[in-house]
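**Q** Read off the chains here:
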Amino acid sequence: MMEDRLSELRELAKAVERASEAIALMRKRAKRHHVKGDVPKRQRPIMRVDVGSAQLEITDKQAAALLVVKGGGGVEALNAIARVTGLNSKLALGLASQLAEMGLVELIAAPQRKILVLTPLGWKVAEAVEQELEKKA
Amino acid sequence: MILEVDGRKLELGWKEAAALIAMRFVGWNAVTLSDLELVAGNYVGAINTVTRLKTLGLVSEYNVQGFKLYRLTELGARAAEELRRKAESAGLWKLVEEALGEA
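As given, the protein sequences belong to chains V and E, one line each in that order. In this text, residue positions in the first sequence follow our numbering: the first is 435, and each later residue adds one. In this text, residue positions in the second sequence follow our numbering: the first is 17, and each later residue adds one.
It is worth saying that the hints were derived from the structure and are not from the lab. Treat the hints with care, as some may be off.
[Stated by the list, open to error] What the simulated footprint calls covered on chain V by chain E, stretch by stretch (three residues with Cβ under 8 Å from a Cβ of chain E suffice, anywhere in the stretch; the number is not a length):
(1) 442-448
(2) 452-463
(3) 503-511
(4) 542-551
Yeah, the Cβ is synthetic: ideal placement off N, Cα and C, and Gly gets one too.
Please construct the entire structure, taking both the sequences and the accompanying hints into account.
**A** Here you go:
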């Protein structure tokens, strides 16, 4: 019993030591990839979507980003959003953060790579955007 | 080591435990395979570690444009918190705090 406890403690100590070394290296490496997002200023509201008792105003860039993520099956890389919307990585990250604050996507982010995952609300809004754009076409 | 989380007993090796701690406390919500190599020591170790963590339901994998990102599930986050609690009570947590302070 005592031996088991000691062996578990040794394993835990080894795990904590290695995790600490990895965290220090990961954080050091992350400084090279650090980008702070800025919300794009020039966004044109194109539609309103009913969400329960409230309405969400969706801009052209938000709509494009939602459609790209939906087209990717609900998961897409941030650089695909940047490519489609014509934004640089800083502004694309700002747009993604804005969508995350609206509860439409989850931003899954490592310093080197960021992806967006549609939330259930995001799916609903993306479908509404798609239908609206089809009607206008 | 055996970890009890939400009434589930999880048997983890030290590399799996280290990966959970690193993923939970590094300061962002996903890691790459190259990050996990730092934990496991090499590519094969990283693959084995993440495969085991996925099997246990502790990590989710996202594959976009051939690039993989890994994120803790809710159970994984709770397991990492349990590891922290154990490490704190054994007086081991200072190492992680130092690593977070250094960068």
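**Q** All hints are to be evaluated individually against the structure, with a verdict given for each.
**A** How the hints compare with the structure:
no. : hint    : verdict
1   : 442-448 : holds (count 6)
2   : 452-463 : holds (count 11)
3   : 503-511 : holds (count 4)
4   : 542-551 : holds (count 8)
In summary, this structure violates none of the numbered hints.
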